[in-house]
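Just so you know, the sequences run in chain order A and B.
Here the working numbering is used: position 66 in the first sequence is 291, and no number is missing along the way.
Here the working numbering is used: position 137 in the second sequence is 369, and no number is missing along the way.
Since the hints were made in silico from the structure, they are not lab data.
Below, a list of computed lysine to any residue pairs in the SDA-like style, where the Cα atoms sit at most 25 Å apart:
(1) A:Lys403 <-> A:Glu379
(2) B:Lys369 <-> A:Ser271
(3) B:Lys369 <-> A:Tyr273
(4) B:Lys289 <-> A:Asp304
(5) A:Lys300 <-> B:Gln274
(6) A:Lys334 <-> B:Gly266
(7) B:Lys403 <-> A:Asp304
(8) A:Lys334 <-> B:Gly423
(9) B:Lys403 <-> A:Pro298
(10) B:Lys369 <-> A:His269
(11) B:Lys369 <-> A:Glu311
(12) A:Lys427 <-> A:Ser385
(13) B:Lys403 <-> A:Asn278
(14) B:Lys426 <-> A:Arg320
(15) B:Lys426 <-> A:His269
(16) A:Lys300 <-> B:Thr422
(17) B:Lys403 <-> A:Ser271
(18) A:Lys300 <-> B:Ser270
(19) B:Lys369 <-> B:Arg357
(20) A:Lys403 <-> B:Ile363
(21) A:Lys397 <-> A:Ala281
(22) A:Lys334 <-> B:Thr317
(23) B:Lys403 <-> A:Phe310
(24) B:Lys403 <-> A:Glu301
(25) B:Lys369 <-> B:Ala383
(26) B:Lys403 <-> A:Arg313
(27) A:Lys334 <-> B:Glu316
(28) A:Lys334 <-> B:Thr422
(29) A:Lys300 <-> B:Gly423
(30) A:Lys300 <-> B:Lys403
(31) B:Lys452 <-> B:Leu438
(32) A:Lys300 <-> B:Val262
(33) B:Lys426 <-> A:Pro312
(34) B:Lys426 <-> A:Ser321
(35) B:Lys403 <-> A:Glu311
(36) A:Lys403 <-> B:Pro356
(37) A:Lys300 <-> B:Ser313
(38) B:Lys369 <-> A:Asp304
(39) B:Lys403 <-> A:Ser270
(40) A:Lys403 <-> B:Asn362
Keep in mind it's a predicted model, so treat the numbers as computed, not measured.
Listed below, chain by chain, are the residues.
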Amino acid sequence: MFKPFIVLILIFLSGCTTVVIDEYRRSDGELAAGDSVVILGRRHSSDYETEPNLIACVGRELHNPEMGVNIIPEKEFVDIMYPWFEPRTAPMHVRSLDRLMENREVREKMEAYGVKYIVWIDGSTETTASAGSISCTISTGGAGCFGFGTWDKESDYEASVWDFRDRELSGKLSADAKGTSYMPAIVIPIPLIARVQNNACKGMAVQLQQFLIPAAATSS
Amino acid sequence: MMYRIKEASTFHLAIVVIISVLLAACSHTVQVEGRYPSPVGQQLPLSVGIYLSEDFKNYTYQEESEDREEWKINTGRAQESLFETVLGSMFLNTVSLSEYPQDLPANVELVIVPEVRELQFTMPRETRVNIFEVWIKYDMNAYDSRGNQVASWVITAYGKTPTAFLQSQEKALTQAINIALRDAGATLYTGFGKVPELQAFLSGKLRSASLQEFKVKSIKAE
Chain A
226 MFKPFIVLIL IFLSGCTTVV IDEYRRSDGE LAAGDSVVIL GRRHSSDYET
276 EPNLIACVGR ELHNPEMGVN IIPEKEFVDI MYPWFEPRTA PMHVRSLDRL
326 MENREVREKM EAYGVKYIVW IDGSTETTAS AGSISCTIST GGAGCFGFGT
376 WDKESDYEAS VWDFRDRELS GKLSADAKGT SYMPAIVIPI PLIARVQNNA
426 CKGMAVQLQQ FLIPAAATSS
Chain B
233 MMYRIKEAST FHLAIVVIIS VLLAACSHTV QVEGRYPSPV GQQLPLSVGI
283 YLSEDFKNYT YQEESEDREE WKINTGRAQE SLFETVLGSM FLNTVSLSEY
333 PQDLPANVEL VIVPEVRELQ FTMPRETRVN IFEVWIKYDM NAYDSRGNQV
383 ASWVITAYGK TPTAFLQSQE KALTQAINIA LRDAGATLYT GFGKVPELQA
433 FLSGKLRSAS LQEFKVKSIK AE
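Modelling step: build the complete structure from the supplied sequences, incorporating the hints.
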């Protein structure tokens, strides 16, 4: 009886987020039975790092063996291929894959795992602005907070899809998400959180699914 | 009189306890543990001895700067695990040496001895960037079976981790150190063959091996 009420409260209590997805497609995805997709985060920049939880989220959303999308988790793949996909050694361009594949052991491992696509995600989520203040006090009579806080978050991610077998860039897509979170506090602070990174993840996962299995997108 | 002494000692004890608690609140201890994957690639045709000194295996970095809180970072066990895993997979045959240069096994062609030269780290509030960063520098030494130095080179490693998804400074720093150690392993593995002295040593060994093979074949043919 209370379930719809709780859902409504949860929707009401979350901040608003807008997500913009852009796509550039050179070729349609073609996943055969037994093919795998690897989603990796770029970690070479000095002032930000693509969050591992974002990569895990996209992987979780995309993984669907019934539809033929088999995702190899990032940590597992990077460990299997150590040290060739570390921030220092990872190929930065598709053409660098040719040089990496000259290593017989690396090539055999990639083939054994049936890697068809490597998706590189580069970007991060940052707090761009914040305002307001909340003060809390504790006394013998009790405790409480009063005030109002707000902060903006922005996600900016770009995914490059590499066709490992054909050694070509299959396409690129970008996800920009913005959202404002609020926290009014009248005795108890009530966080109204905008799930900016989570929405960027879901937006990217949907677009990547359409990219990798176009047949599923047209049928739905 | 006795009462006074007792009272004074209780008071002093309380002060000591309070000061210890306050000091402990400002000091951080990090024990880095890690398991590292074996590198993928061809093994080099060498029989190598690995000597990790006690100082290396128990390495603890201690920061006693006035501008910073006290940090004790023990990377000994983690770097022992890393170097044994990476060097153990790099060569056809490896032997862990408990002593060096004494008791060197006869079949060892090259002995590798790593040493920590430097460890540095920065916290987000120091750089105003939302990441923990770690740099580690290793001095690598390689000796031949007679104890002569074949090569000496430096490995620099870097690791960073954002603060957002981690709970404490200690955990964040541990993760950044683990990333730096993985980077050290990657640099060691991919850079070994690029050190000119080692390149020369390796090609010399390959030449003598092929000469030996040729001699065996010619004797058989006769």
